[in-house]
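Asks: These are the residues of each chain, in order.
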Amino acid sequence: MILFVDDDADLLGLNAFMLKNLGYEVVTAKDGEEAVAKFKESSPSITIMDIKMPKMDGFDAFFRMKKINPEAKIILISAYTIDEKKLLNAKSQSLLDLINKPYDFEVLENIIKKYV
Amino acid sequence: MKISYLIIIGLATLLFIYTVSSFVILNINIQEMKTSEISKNFALSSIIIQDLDKFVKKRIDDFSQISQTQEVQQTLHLSNQEFEQLLDIEGFLSEQDRLEKEFKYTPFIERTNNIDLSNELKEIIEFYKNVYEHNVIDELFITNQFGANVALGVGTSDYRQDDEEWWQDTKKDGLYIDKPVYNQNLDSYIIPIGLKITDDTGNFIGVLRVSLNLEDILKDLKDNSEIISNENKDVYLLDDSGTIVYSNKDEDLFYDKYENFELITGETGSFDIVEDEMTQFVTYSTSTGYREFSGFGWILVIEQDELSILENVSDIQRELVLITLFSIFAAVIIGIIITYLISKPLNKITEIASHLSKGDLTYKLERSRFSEFQIILDSFKNATHNIQQLIEAEKDLAESKAKVKNERLTAIGELSSSLAHDLKNPLAVIKTSIEAIKMNFKNVNPQFQQEVFPRMDSAISRMTHQINDVLNYVRITPTNLQNHSLLEIIDFSIKSLKIPTNVKIFTPSKDISVYCDREKIEIVFINLILNSIQSIDETSGNIIISFSEDLSNKFVEIQNDGEEIPDENLKRIFLPLFTTKMKGTGLGLSICKNIVEQHGWSIKVQNKPTRFIVKIPKDKEN
Numbered sequence: 001m002i003l004f005v006d007d008d009a010d011l012l013g014l015n016a017f018m019l020k021n022l023g024y025e026v027v028t029a030k031d032g033e034e035a036v037a038k039f040k041e042s043s044p045s046i047t048i049m050d051i052k053m054p055k056m057d058g059f060d061a062f063f064r065m066k067k068i069n070p071e072a073k074i075i076l077i078s079a080y081t082i083d084e085k086k087l088l089n090a091k092s093q094s095l096l097d098l099i100n101k102p103y104d105f106e107v108l109e110n111i112i113k114k115y116v
Numbered sequence: 117m118k119i120s121y122l123i124i125i126g127l128a129t130l131l132f133i134y135t136v137s138s139f140v141i142l143n144i145n146i147q148e149m150k151t152s153e154i155s156k157n158f159a160l161s162s163i164i165i166q167d168l169d170k171f172v173k174k175r176i177d178d179f180s181q182i183s184q185t186q187e188v189q190q191t192l193h194l195s196n197q198e199f200e201q202l203l204d205i206e207g208f209l210s211e212q213d214r215l216e217k218e219f220k221y222t223p224f225i226e227r228t229n230n231i232d233l234s235n236e237l238k239e240i241i242e243f244y245k246n247v248y249e250h251n252v253i254d255e256l257f258i259t260n261q262f263g264a265n266v267a268l269g270v271g272t273s274d275y276r277q278d279d280e281e282w283w284q285d286t287k288k289d290g291l292y293i294d295k296p297v298y299n300q301n302l303d304s305y306i307i308p309i310g311l312k313i314t315d316d317t318g319n320f321i322g323v324l325r326v327s328l329n330l331e332d333i334l335k336d337l338k339d340n341s342e343i344i345s346n347e348n349k350d351v352y353l354l355d356d357s358g359t360i361v362y363s364n365k366d367e368d369l370f371y372d373k374y375e376n377f378e379l380i381t382g383e384t385g386s387f388d389i390v391e392d393e394m395t396q397f398v399t400y401s402t403s404t405g406y407r408e409f410s411g412f413g414w415i416l417v418i419e420q421d422e423l424s425i426l427e428n429v430s431d432i433q434r435e436l437v438l439i440t441l442f443s444i445f446a447a448v449i450i451g452i453i454i455t456y457l458i459s460k461p462l463n464k465i466t467e468i469a470s471h472l473s474k475g476d477l478t479y480k481l482e483r484s485r486f487s488e489f490q491i492i493l494d495s496f497k498n499a500t501h502n503i504q505q506l507i508e509a510e511k512d513l514a515e516s517k518a519k520v521k522n523e524r525l526t527a528i529g530e531l532s533s534s535l536a537h538d539l540k541n542p543l544a545v546i547k548t549s550i551e552a553i554k555m556n557f558k559n560v561n562p563q564f565q566q567e568v569f570p571r572m573d574s575a576i577s578r579m580t581h582q583i584n585d586v587l588n589y590v591r592i593t594p595t596n597l598q599n600h601s602l603l604e605i606i607d608f609s610i611k612s613l614k615i616p617t618n619v620k621i622f623t624p625s626k627d628i629s630v631y632c633d634r635e636k637i638e639i640v641f642i643n644l645i646l647n648s649i650q651s652i653d654e655t656s657g658n659i660i661i662s663f664s665e666d667l668s669n670k671f672v673e674i675q676n677d678g679e680e681i682p683d684e685n686l687k688r689i690f691l692p693l694f695t696t697k698m699k700g701t702g703l704g705l706s707i708c709k710n711i712v713e714q715h716g717w718s719i720k721v722q723n724k725p726t727r728f729i730v731k732i733p734k735d736k737e738n
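Heads up: the sequence lines are chains A and B, in that order. Under this note's numbering, read the first sequence as residues 1 to 116, first letter to last. Under this note's numbering, read the second sequence as residues 117 to 738, first letter to last.
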């Protein structure tokens with residue numbers, strides 16, 4: 001099961017459709033808080049999450065999820081600006097990967113295939 | 117031209133005019149003085165000669181009275197009677213005269229001579245001498261009607277007088293005045309006078325002979341002429357033949373002929389004589405007698421030098437020249453002083469002005485002791501102060517402009533990065549969509565089109581919207597103002613938006629006209645309505661647009677029943693890049709505010725109900 005988190009509804013919807021089309025089970029969330037809730041609820045095998053989000057950003061959600069499950073597999077997507085300190089911190093807690101927007105869906109697909 | 121020259125020339129000209137006019141007035145005065153001096157001399161000469169006549173008349177009157185005394189009358193009467201009884205009067209007189217001359221024997225005289233009367237005459241002489249303290253009378257005797265000496269007061273006299281010219285003239289005319297004669301006894305000149313003696317009925321009964329001392333006659337004249345001589349006047353007394361009887365100038369002239377006698381005509385007059393280039397004014401008056409006394413024809417002449425008249429005047433002329441020279445000198449000095457006093461502050465003012473013109477506003481202004489200059493200095497001070505204030509204001513304005521520009525640049529910088537970020541999401545959508553299309557190349561799954569294409573459209577329109585927002589914010593284009601129907605603008609704005617079905621928009625039924633740039637105002641309403649739609653979100657809600665106006669303003673209100681704006685956001689809502697929405701650029705309301713303010717309008721936001729109010733002042737209308 002994949003948890004996909006993005007505040008952009010279009011991007012979220014499109015990616016969810018694509019992943020479902022590839023045969024994966026997909027759970028979506030629109031912000032960090034919802035993501036953490038869904039993470040607790042469904043314990044996804046991998047989480048793909050945008051960094052810039054309202055209410056709780058990707059990094060904070062990442063740290064919360066890691067607290068819940070230190071083994072959690074999480075990939076972060078960044079658009080432009082990145083808090084380097086948070087990124088280093090995240091890497092130290094075994095962040096699987098960081099993808100830059102706009103990304104090739106193939107890249108995303110390969111990463112998922114690699115870890116799931 | 118320097119002010120100093122002007123002042124000096126001005127003063128000098130003034131003085132020159134003053135001096136010339138003074139000289140002209142002085143010359144007029146000189147003529148006046150001459151005329152007045154001559155008339156004064158006229159008056160003097162006639163008064164003096166009249167006094168002389170009066171004096172002589174008085175003396176003659178005295179002796180006339182003596183001749184009328186009873187003693188004289190009686191003695192003459194007796195003597196005449198005695199003579200009338202003689203058969204040969206002429207023979208008797210000749211014999212007596214011969215005896216007297218040859219032998220100095222005068223038995224007859226002693227007989228005929230009245231001792232008492234002679235003594236009486238002697239007393240009269242003594243009396244005069246006592247009264248006047250000098251010899252008034254030199255000779256005094258009386259003859260009877262036949263010329264025989266009857267009484268002798270003083271002097272030596274022939275017995276017979278009828279053979280003398282004066283005796284005959286006296287008998288004929290009643291009065292005889294002779295020319296002055298030198299008398300050795302007195303060592304002075306005398307004037308012999310003959311008086312006819314008549315009885316009560318006017319018959320000729322004898323002759324009184326008296327010789328008056330000239331000194332006595334001239335005594336008053338001399339006193340006067342001494343006073344006159346102080347005024348540089350020469351006084352001459354001439355007898356009727358032009359002989360000088362008296363001169364206050366030179367006693368040696370006595371009995372000389374007066375040199376200008378031929379110029380004297382008539383009773384009074386005046387003439388000028390030129391001697392050694394010096395003009396003398398001569399005035400004269402002839403004795404015309406006093407009362408019944410017909411005068412003795414003497415002439416009083418007063419001579420006066422023109423120079424002596426002008427003596428005082430020439431002093432004045434000399435002083436005037438000196439005063440003029442001194443005044444011109446003083447004028448130059450005063451001019452220089454005034455110039456110095458004026459030009460110094462003027463230079464100072466020029467210096468101040470040049471300092472100010474160079475922008476040195478801190479230059480210290482010293483006080484001037486002249487109020488006029490102080491006024492100029494004060495106005496300089498005010499001007500400096502005002503300029504300083506103006507500069508300060510300009511500086512502030514420039515600073516605030518720079519600040520605004522700076523803020524704008526910062527905003528644009530932030531905007532760029534925000535734009536870069538915000539464009540990446542729609543780009544990611546498009547990119548993923550393309551992958552999806554590739555994946556479903558043969559269109560195996562029709563669901564793909566439904567999922568992908570609307571999202572691509574949405575992504576492109578989001579990008580367009582974001583780019584437009586930025587462009588609208590960055591570009592400030594000039595307004596193209598015209599009168600427009602506001603309702604039309606709002607309708608158009610609504611049509612250009614995709615209104616969700618859960619939102620209802622109410623527009624006013626009554627239109628108003630506004631003077632505005634239509635395209636810009638459309639952007640304003642599109643943004644405001646879009647904002648309302650977004651705040652309503654997915655719940656159903658209403659947007660109510662209404663118009664109102666008061667005396668000076670028109671108002672447009674856009675009200676919605678969506679989510680309230682938190683109070684802390686109310687203040688920042690119009691700031692650029694301020695947004696609470698993930699899809700917003702944070703520029704929409706900022707653009708609205710810019711456009712509204714560019715029109716001279718204003719915009720504000722209020723809660724309960726949530727509404728934006730645009731205020732359109734009526735004086736901004738065409």
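Hint data in this document are derived by calculation from the structure and do not stem from the laboratory. You may find that some hints are simply not true.
Below, computed lysine-lysine pairings styled on DSBU-like, alpha-carbon distance capped at 30 Å [claimed, not checked]:
(1) B:K373 / A:K20
(2) A:K55 / A:K20
(3) A:K30 / A:K85
(4) B:K554 / A:K30
(5) B:K238 / B:K174
(6) A:K86 / B:K547
(7) A:K66 / A:K114
(8) B:K174 / B:K373
(9) A:K113 / B:K238
(10) A:K30 / B:K238
(11) B:K687 / A:K55
Asks: For a C-alpha distance cap of 30 Å, please report whether K30 of chain A and K85 of chain A respect it.
Replies: holds, 24 Å
Asks: Keeping to a limit of 30 Å between CA atoms, is the pair of K687 of chain B and K55 of chain A held or broken?
Replies: With a Cα-Cα distance of about 22 Å, the restraint between K687 of chain B and K55 of chain A holds, given a limit of 30 Å.
Asks: Hint check: K554 of chain B vs K30 of chain A, CA-CA at most 30 Å. Holds or violated?
Replies: Satisfied, since the Cα-Cα distance of roughly 27 Å is no more than 30 Å.
Asks: Taken at face value, is the distance from the CA of K114 of chain A to the CA of K66 of chain A at most 30 Å?
Replies: Distance of about 20 Å is within 30 Å: holds.
Asks: Would you mind confirming whether the straight-line C-alpha gap from K373 of chain B to K20 of chain A stays at or under 30 Å?
Replies: Roughly 176 Å separates the two Cα atoms, so the pair is violated.
Asks: Given the hinted pair K238 of chain B and K174 of chain B, is their alpha-carbon gap at most 30 Å?
Replies: holds, 20 Å
Asks: Holds or violated: K86 of chain A with K547 of chain B, Cα cutoff 30 Å?
Replies: holds, 28 Å
Asks: Assess, step by step, whether the Cα of K113 of chain A is no farther than 30 Å from the Cα of K238 of chain B, and give holds or violated.
Replies: The hint is violated at about 197 Å.
Asks: Between the alpha carbons of K174 of chain B and K373 of chain B, is the straight-line distance 30 Å or under?
Replies: At roughly 29 Å apart (the allowed maximum being 30 Å), K373 of chain B and K174 of chain B satisfy the hint.
Asks: Are K30 of chain A and K238 of chain B close enough, with their CA atoms no more than 30 Å apart?
Replies: Cα-Cα ~180 Å, so violated.
Asks: Between K55 of chain A and K20 of chain A, does the CA-CA distance stay at or below 30 Å?
Replies: Holds: K55 of chain A and K20 of chain A sit about 27 Å apart, inside 30 Å.
Of the numbered hints listed earlier, those contradicted by the structure are 1, 9, 10.
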